[in-house]
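Protein chains: 2
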Amino acid sequence: MTDDDTGAATRPPSRREFLRASGAMAGGAVAGGLAGRAAAAEPAAPDAANLPPNVPEWMKAPGEPMGNEPYGTPSVYEKGVVRNISKTLKQYISASGRTPLQDLDGIITPNGLFYERHHGGVPTIDPAQHRLMVHGLVERPLIFTMEDIRRFPSQSRIHFIECSGNPVYTRPYGKTASDLVGLVSCAEWTGVPLKTVLAEAGLEDGARWVVAEGADAAALTRSVPIEKCLDDAMLVYSQNGERLRPQQGYPLRLLLPGFEGNMNVKWLRRLKVTTEPAYSREETSKYTDLMPDGTAREFTFHMEAKSIITRPSGGQKLTVRGFHEITGIAWSGHGKIARVEVSVDGGHDWQTAELQEPVLTRALTRFRLPWHWNGEPAMIQSRAVDETGYVQPTLQELLAVRGSNHFYHNNAIWPWRIDAAGEVTNGQA
Amino acid sequence: MTDDDTGAATRPPSRREFLRASGAMAGGAVAGGLAGRAAAAEPAAPDAANLPPNVPEWMKAPGEPMGNEPYGTPSVYEKGVVRNISKTLKQYISASGRTPLQDLDGIITPNGLFYERHHGGVPTIDPAQHRLMVHGLVERPLIFTMEDIRRFPSQSRIHFIECSGNPVYTRPYGKTASDLVGLVSCAEWTGVPLKTVLAEAGLEDGARWVVAEGADAAALTRSVPIEKCLDDAMLVYSQNGERLRPQQGYPLRLLLPGFEGNMNVKWLRRLKVTTEPAYSREETSKYTDLMPDGTAREFTFHMEAKSIITRPSGGQKLTVRGFHEITGIAWSGHGKIARVEVSVDGGHDWQTAELQEPVLTRALTRFRLPWHWNGEPAMIQSRAVDETGYVQPTLQELLAVRGSNHFYHNNAIWPWRIDAAGEVTNGQA
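In order, the protein sequence lines correspond to chains P and X.
Every position in the first sequence, counted from 1, becomes a number in the numbering used here once 54 is added.
Every position in the second sequence, counted from 1, becomes a number in the numbering used here once 54 is added.
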């Protein structure tokens, strides 16, 4: 045992592992580049006891018959992979549930794990009774049924939605990737471009804002600049193929790609075209930020570039030294991710990660970097750069500019600390 | 009422609808091009009774609290959108359940509705107990745990999987898009390139095939040419972000993009590298085709280019004359979809449909064409052309070449008949 790579903590090393470690793996992982990404694991060598592998119990009798689950659910062995909801809230009507990012791969969030944030609970809406009214500064005020909406020319786009308080600036920041930034998810949305519907109604002079209202008990209301409404805004009714889930606005949601989550008004019932914003509760009392000079930032629409390493991440453990892939997600409300850089030495040196193609605008982007863990303590972190050139800042940089009263739009770099035992914890905690 | 567009069968026409019909809509829909795709619906005009819309019941009290569903499910109003499973099978162990394509949008199939096809039921596999053995013509036979597999460098790719009997050539062909071709679905898969794992084991001279075996009661076994294994084949463990569903091979599946579904071996437990194929049951007794000259087609790996209009499609009804978007899905096992053409006159004239970007290789591609239905009977159909130049054939062309004993690989153009009442039925039935 002359090579660090063979120091498996959980299994006795074998001759095979030694061969692997001194062969392709060392050349691959340490190099850190794509060309050397050949080898990773230290699998067991077959021996008399397990070649061929013993026939497992589940091959000895027929499995579950089809039809028990007309709508399928995950394996019973994945029952711990659920939305991350605090168990100690005073109430669950205005609350949030986070996506378990550390358990997910790729960029699509399955609908059952899409994050949720409600201000008045989740209404149960009969789509046959639901209406969308478009009025205000329009030539033709109109009321649409869902059937009307679905007859318009449609589009499908993959976009993230993120809560602006993801995370808030208040300590403690949490233990897992989900605790920290689990209020972001990504799906393929289908619906009608909002500009198509506005053209149907006809905008009048002075149309500068569109005030959107949800059909929940909070009647959540946000004002959207007309430029966004005539750009990539959509009225969406489907999410990852099927109709929206109730928690994401069934039967109709306003989608504003890259804008803070609460503006993507769920259960959408009304669009009023106006000259001035509504200055609603959610754009005055909430979703504004008091700055150190006493002014308040308001209408902070865009979610700035952000990234997080999801594996290895808080709550996980590296059980073997040697090759580990560092992977995570990056996104920007301003467009495509141009680059993600990863540091494994506390922010001193940075390497460029590989981005999974296709890189889509205002969508999660999966990044990956091969890494050789030598068993020593390490601090790993990622920073995103978007196509505008904007670079994800450190928490210290954000706090220096925004002060201690700032609450939303924390897009700080988030380091994970790895100790000599391989335990991964929050590097800012 | 001087315009066909206003002939709404389900609601009394209003002055507003008349305005819509004689305005933007007529210019848009009839032109049939993208430039004219502005207007679609005939929404109601607000009046004293409904301006603003009456406050619905679900706004008058808080909705459902968060946390009732840690893993979310669809709206109760969507409970009919489930996998399409025949109610009259003799058994449900070796059977199939189809994706309800006519109810879906976009290209991603939600995991709960992904089609399923099993030969020995669905095993319930403990991932901690599961092993993958790689042996045969390799330098180092290896056995991997799932933890080993997940340590390899990963990739995420969006690909379709399709059963080769989708549909079979046997009448009756079914009523809905799901009945016909619901044995195709599409997801974002994450896993490790198979070539990485084979490199770990080291291929020996004479390695020409890899025989894959599943850990189900059928021990389903298929032989895969080494060229595919060293190209885009993957060992996948996640599907649309989360771990594979049991019906799709939890915890590990072989993914062979573009190859017939059963070769994408689920519950993968063994890969044996060989010189000759195994000639297993599933490549001799099944999944071969007797041709008119008495020979049999075997090893028919690729799923050829295909498309289907999902809306309007069988079982649906056009309730109004005027604008309707024709939309559907196209795919090819040989690469990207280059073009989809749509005919609304029984195959006489064909128009080029718009393809939703990004168009991905060996993935479903959503196509759309604006259409003005004048209320007269029509026959609508789509045909796909892939990047190799291959053109989806008619059923008559296929039958002429393959004869009446042919069972699999029916990729025929499928027309839908629309009668004067707007009812949509199978054009081949």
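Do not rely on the hints blindly, as some may be mistaken.
The list treats identical chains as one, so a pair stands whether inside a single copy or across any two.
Said to hold, decoys possible - Listed below are the simulated BS3-like cross-link pairs for lysine-lysine, each with C-alpha atoms no more than 27 Å apart in a straight line:
id	residue 1	residue 2
1	K282	K326
2	K133	K114
3	K340	K133
4	K144	K282
5	K326	K114
6	K390	K249
7	K282	K249
8	K144	K249
9	K371	K114
Source of the hints: derived by calculation from the structure; they are not laboratory data.
Here's how the hints hold up against the structure:
1. K282 to K326: So K282 and K326 pass the 27 Å test inside one copy only (15 Å; across, 56 Å).
2. K133 to K114: within (25 Å within a copy, 35 Å between copies)
3. K340 to K133: Classified as neither: same-chain Cα gap 35 Å, cross-chain 36 Å, threshold 27 Å.
4. K144 to K282: Answer is neither; intra-copy 36 Å and inter-copy 56 Å both fail.
5. K326 to K114: Between copies only: 21 Å across chains, 63 Å inside a chain, cut-off 27 Å.
6. K390 to K249: within (22 Å within a copy, 30 Å between copies)
7. K282 to K249: within (9 Å within a copy, 45 Å between copies)
8. K144 to K249: Neither. Shortest intra-copy (41 Å) and inter-copy (52 Å) distances fail the 27 Å Cα cut-off.
9. K371 to K114: Answer is neither: 34 Å inside a copy and 48 Å across each miss the 27 Å cutoff.
Taken one by one, the earlier hints fail for this structure at numbers 3, 4, 8 and 9, listed in ascending order.
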